[in-house]
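Peer 1: Each chain, written out:
Protein chains: 2
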Amino acid sequence: MSLPGRAASPSASLLLGTSRRPLSTAPSASAAPSGPIRGRLTTASMNQAVVGAAYAVRGELVMKADQYQRVLADPAQRDTLPFKEIIYCNIGNPQQLQQKPITFFRQVLSCMEYPALLDHPAAAQIYPQDVLQRARHLLANFSGGTGAYSHSKGERIVREHVAGFLQKRDGYAAEPEDIYLSDGASGSVSKALNILIHSRRDGVMIPIPQYPLYSATIPLLGGTQLNYYLDEENSWGLQVSELESLVEDAHKKNVNPRALVIINPGNPTGQCLAESNMQEVIDFCRRRGIVLLADETNAYTKPWLSFKKVLRDMGPKYKDVELISFHSVSKGVIGECGHRGGFMELVGIDEEVKQQFYKLASISLCPNLPGQVVVDLMVRPPVAGEPSYDLYHQETTGIFESLKRRALRLTEAFNKLEGVTCNEAEGAMYLFPRVRLPAKAVHEAVKQKKTPDSFYCLALLDQTGICVVPGSGFGQKDGTYHFRTTFLPPEDKIDAVAKSIAKFHHDFMQKYRD
Amino acid sequence: MSLPGRAASPSASLLLGTSRRPLSTAPSASAAPSGPIRGRLTTASMNQAVVGAAYAVRGELVMKADQYQRVLADPAQRDTLPFKEIIYCNIGNPQQLQQKPITFFRQVLSCMEYPALLDHPAAAQIYPQDVLQRARHLLANFSGGTGAYSHSKGERIVREHVAGFLQKRDGYAAEPEDIYLSDGASGSVSKALNILIHSRRDGVMIPIPQYPLYSATIPLLGGTQLNYYLDEENSWGLQVSELESLVEDAHKKNVNPRALVIINPGNPTGQCLAESNMQEVIDFCRRRGIVLLADETNAYTKPWLSFKKVLRDMGPKYKDVELISFHSVSKGVIGECGHRGGFMELVGIDEEVKQQFYKLASISLCPNLPGQVVVDLMVRPPVAGEPSYDLYHQETTGIFESLKRRALRLTEAFNKLEGVTCNEAEGAMYLFPRVRLPAKAVHEAVKQKKTPDSFYCLALLDQTGICVVPGSGFGQKDGTYHFRTTFLPPEDKIDAVAKSIAKFHHDFMQKYRD
Chain P
1 MSLPGRAASP SASLLLGTSR RPLSTAPSAS AAPSGPIRGR LTTASMNQAV
51 VGAAYAVRGE LVMKADQYQR VLADPAQRDT LPFKEIIYCN IGNPQQLQQK
101 PITFFRQVLS CMEYPALLDH PAAAQIYPQD VLQRARHLLA NFSGGTGAYS
151 HSKGERIVRE HVAGFLQKRD GYAAEPEDIY LSDGASGSVS KALNILIHSR
201 RDGVMIPIPQ YPLYSATIPL LGGTQLNYYL DEENSWGLQV SELESLVEDA
251 HKKNVNPRAL VIINPGNPTG QCLAESNMQE VIDFCRRRGI VLLADETNAY
301 TKPWLSFKKV LRDMGPKYKD VELISFHSVS KGVIGECGHR GGFMELVGID
351 EEVKQQFYKL ASISLCPNLP GQVVVDLMVR PPVAGEPSYD LYHQETTGIF
401 ESLKRRALRL TEAFNKLEGV TCNEAEGAMY LFPRVRLPAK AVHEAVKQKK
451 TPDSFYCLAL LDQTGICVVP GSGFGQKDGT YHFRTTFLPP EDKIDAVAKS
501 IAKFHHDFMQ KYRD
Chain S
1 MSLPGRAASP SASLLLGTSR RPLSTAPSAS AAPSGPIRGR LTTASMNQAV
51 VGAAYAVRGE LVMKADQYQR VLADPAQRDT LPFKEIIYCN IGNPQQLQQK
101 PITFFRQVLS CMEYPALLDH PAAAQIYPQD VLQRARHLLA NFSGGTGAYS
151 HSKGERIVRE HVAGFLQKRD GYAAEPEDIY LSDGASGSVS KALNILIHSR
201 RDGVMIPIPQ YPLYSATIPL LGGTQLNYYL DEENSWGLQV SELESLVEDA
251 HKKNVNPRAL VIINPGNPTG QCLAESNMQE VIDFCRRRGI VLLADETNAY
301 TKPWLSFKKV LRDMGPKYKD VELISFHSVS KGVIGECGHR GGFMELVGID
351 EEVKQQFYKL ASISLCPNLP GQVVVDLMVR PPVAGEPSYD LYHQETTGIF
401 ESLKRRALRL TEAFNKLEGV TCNEAEGAMY LFPRVRLPAK AVHEAVKQKK
451 TPDSFYCLAL LDQTGICVVP GSGFGQKDGT YHFRTTFLPP EDKIDAVAKS
501 IAKFHHDFMQ KYRD
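These protein sequence lines map, in sequence, to chains P and S.
Using full-length UniProt numbering, read the first sequence as starting at 1 and increasing by one per residue.
Using full-length UniProt numbering, read the second sequence as starting at 1 and increasing by one per residue.
You may find that some hints are simply not true.
Residues from chain P that face chain S, not an exhaustive set, calculated with beta carbons under 7 angstroms [what the hints assert, rightly or not]:
#1 Asn47
#2 Ser110
#3 Thr146
#4 Gln167
#5 Gly171
#6 Tyr172
#7 Ala216
#8 Ser245
#9 Leu246
#10 Leu369
#11 Leu391
#12 His393
#13 Gln394
#14 Thr397
Away from chain S, derived, C-beta distances all over 10 angstroms, residues of chain P [said to hold, decoys possible]:
#15 Gly144
#16 Gly338
#17 Asp478
#18 Phe508
In short, the hints are calculated from the structure, not lab data.
Note that CB positions come from ideal geometry on N, CA and C, so glycine has one too.
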């Protein structure tokens, strides 16, 4: 994200390096204002941890795309642009790109929002019987419908259903009291990191590339981000030996690695971990006393294994491993991003620490109730024999198959471009192609004070209206350049998107050829 | 909130005083773990800022109430208790206590959740025409219905409507780009505090008593809480001279007061500030370079003035005063707590700082969409002549009048009790009676390691099933004892509640009479 304040204000740039709260002994503390400030709140005088945090998914590129959107909406200006629409591939937001919501979900929500409907004679003409039943059952068990605060962990009945779902998925017991619902998975992730991070001595290991929620939140909380690199040459695989040396390095710097983030399926990379790899990770966490944060929000593919199942399969030696697993209603076939539903399961976490999770949840009162309803529906979809089952099955299968086709089509298209390679997506809804940029393009980018990948992505937006995110927003090995794109544009547009990118890429390479 | 971890773990109690992140020079830093820890995450090894934060509204009392609730649900145990139901007066949660949602709001939500309804022939039998129109209009202007992420500040159309509402309310321009929607007001408050607080040198002035969101969040962010006391003898009024001396004291401690929180109408006290008092506060903020955080979430009474209006009325000399105003859909006649809708308006805030607010909002993606819809409906209710107007008017007036009656009835009842005084509520939905406890009761409380007000409230719960919050959760002058209760129980129960409290209080006083 570009920070317009930095260049303009000399004292702000003085503090630019402070991406964390200043440490006791850090010399940078002397740059912080020491006496009372009389004057306005500025980027120099505000919390420098916020100023230092970066969040790329909605940064400079998206703001420019939004500007173009406004130009396109104005008939007088519209023709000044070389494209007719903005295609937002920067964010996994399926319903913005016309993915239809699951009918059953929305029918239940519709009844729950207006309970008088349940007694209306016309309701039976509109809603199948199982929809009405489901809404009645949830309403009867909620503390006050969708309009009342629930328990801070979420309505007990939803947590019971989530526990049942996890139990069925993994074959091992799950406790409703260990389930914490949240506004999206982000709400859970930031709570877990808040529990774990006290000062810069607390390190959190995150994959590079990663979903930038982690790299933004860790410095906000004053912790230290510890990077481990995924291996692009080996389908973005994970080497446990790299984790080991990262821990050793951290100890030398007096940083204590508290947690290991694994995103599985990967975001932005889309890869799924092999079971043996997961076992190694779990063993590493046990040996090192590190809490495993499993971001499983993108799990909608099969075969896919949860960390909970792999952990429990490993037997009693591993029973005390600490695992927090994150889930969301936003991704894949459900794609209910706007409802901000999510949850985490605490596994092997100390009872007193759980009380602290509860207290933290209670400070923000409770997650939104419609989001809780969507979580409930996600874990208890219609089953064969119920009136809504056929349509539900048809809709979810249709979306899933279409996502697979679109991923494949874009991957193939990318791999045909000069200097571009792209691993196949095994899950999630992202591709992360690598682009080998000519030295002349890199030079031009530096001249314009942009990272080379941002320079490429901005040019793509300017030419085609397609909005993607530069790899630098997720992290990438030095000297490599990537971008993340979703494969969510509707199926009838995906070929046009591929063609449009191909033409842009060809022209770009011609222009900057060494 | 009781922290079970403290007593049990000796190292946890060592760190008990650390209610903030350790400071550079603070000796307590030596108590923090210095080397790598091999072992489990415990209340001793986790973030001590979380351990130190207190949040009373959902603390020990509520957990006990929940236990009783489970006992009451069990036919075999039910008769062991001296009451037949739990009455939750601990939290402003109207719909949990049977306040009916506004029909128009829920009808629009119902249609937006299931847009296919809009084309269904039976829809016109169920929904008035203006409901269908409203849902169509919002859907046409949303980026992807209720299921897609919106702009991180919230859907532009909702922000335009909020700006129009503020403009009409205050008679001064409001900009959609200065409106930030959030999950409840809490989401906005914590963002603003996060922007303002960098270290313990940053002070935030809060009223005592106050809503504990503030006292919980300030230490979580590592800032310093600066208390100013409201004057119970003068209807919980505010003395600007006290603010001045608080600033001087803070400077002596090398703490820079960054912001002043004013809750108006007050929570828990329910008072409304006079215009002249508001002008003094604004002048104070201008002179001292302090950001005014106006928590106006409880504003549903009239006459009531917003800080924005009073500020603008004061003319150009005050145009640069920095004001952040918080609003919510949770309180008063609307009472849509579960939808977690809210917003803040940034007034006089530096442009670059606004960009940082946007970035912070973007890290958690966007507020939930149904909550945004409720905000929209709150600021654009049906108007005279529209099909839904009469019912809307009848419902809101009915709730409002009933709240007034219930507040009055409880206030009168409290003022009749021995040693109890209670100011009238001018807004909000809370009362904060003061209880003069006999020395014997205080002594017994200390013996049981409870604060005297908690001891009283626990006894009230044990005897009557009525759940209130001890004054110590909100702060109170030393040696005074209060509790906060909502006046939300349904009208046909309020007399029984008053009677039940009166009987309990009489018995309690008899038992502990000096």
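Peer 1: For glycine 144 of chain P, is the shortest beta carbon distance to chain S beyond 10 angstroms?
Peer 2: violated, 4 angstroms
Peer 1: Please verify that hint: alanine 216 of chain P, Cβ, nearest Cβ of chain S, below 7 angstroms or not.
Peer 2: holds, 5 angstroms
Peer 1: Is the shortest C-beta separation between glycine 171 of chain P and chain S less than 7 angstroms?
Peer 2: This hint is violated: glycine 171 of chain P lies away from chain S, its Cβ roughly 25 angstroms from the closest one there, beyond 7 angstroms.
Peer 1: Under 7 angstroms, Cβ to Cβ, is where serine 110 of chain P needs to be relative to chain S, so tell me if that hint holds or is violated.
Peer 2: holds, 4 angstroms
Peer 1: Less than 7 angstroms between beta-carbons is the criterion; does threonine 397 of chain P satisfy it with respect to chain S?
Peer 2: Status violated, d = 19 angstroms.
Peer 1: Does phenylalanine 508 of chain P really sit off the interface, with its C-beta more than 10 angstroms from all C-beta atoms of chain S?
Peer 2: holds, 28 angstroms
Peer 1: Tell me if leucine 246 of chain P is really an interface residue toward chain S, meaning its C-beta lies closer than 7 angstroms to one of theirs.
Peer 2: At 13 angstroms from the nearest chain S Cβ, leucine 246 of chain P fails the 7 angstroms test, so the hint is violated.
Peer 1: Glycine 338 of chain P: least C-beta distance to chain S exceeds 10 angstroms?
Peer 2: violated, 4 angstroms
Peer 1: May I ask you to test the interface hint for leucine 391 of chain P with respect to chain S, counting a Cβ-Cβ separation under 7 angstroms as satisfied?
Peer 2: violated, 12 angstroms
Peer 1: Determine whether the non-interface label on aspartate 478 of chain P survives the test: each CB of chain S must be over 10 angstroms from its CB.
Peer 2: The assertion about aspartate 478 of chain P holds, with a minimum of 25 angstroms to chain S.
Peer 1: Against chain S, run the beta carbon of threonine 146 of chain P and see if the smallest gap drops under 7 angstroms.
Peer 2: OK, holds: threonine 146 of chain P within 7 angstroms of chain S, min 5 angstroms.
Peer 1: Closer than 7 angstroms between Cβ atoms is the bar; does asparagine 47 of chain P clear it against chain S? Give me holds or violated.
Peer 2: Holds: closest Cβ of chain S sits about 4 angstroms from asparagine 47 of chain P, inside 7 angstroms.
In the structure shown, a violation is registered for the earlier hints numbered 4, 5, 6, 8, 9, 11, 12, 13, 14, 15 and 16, in ascending order.
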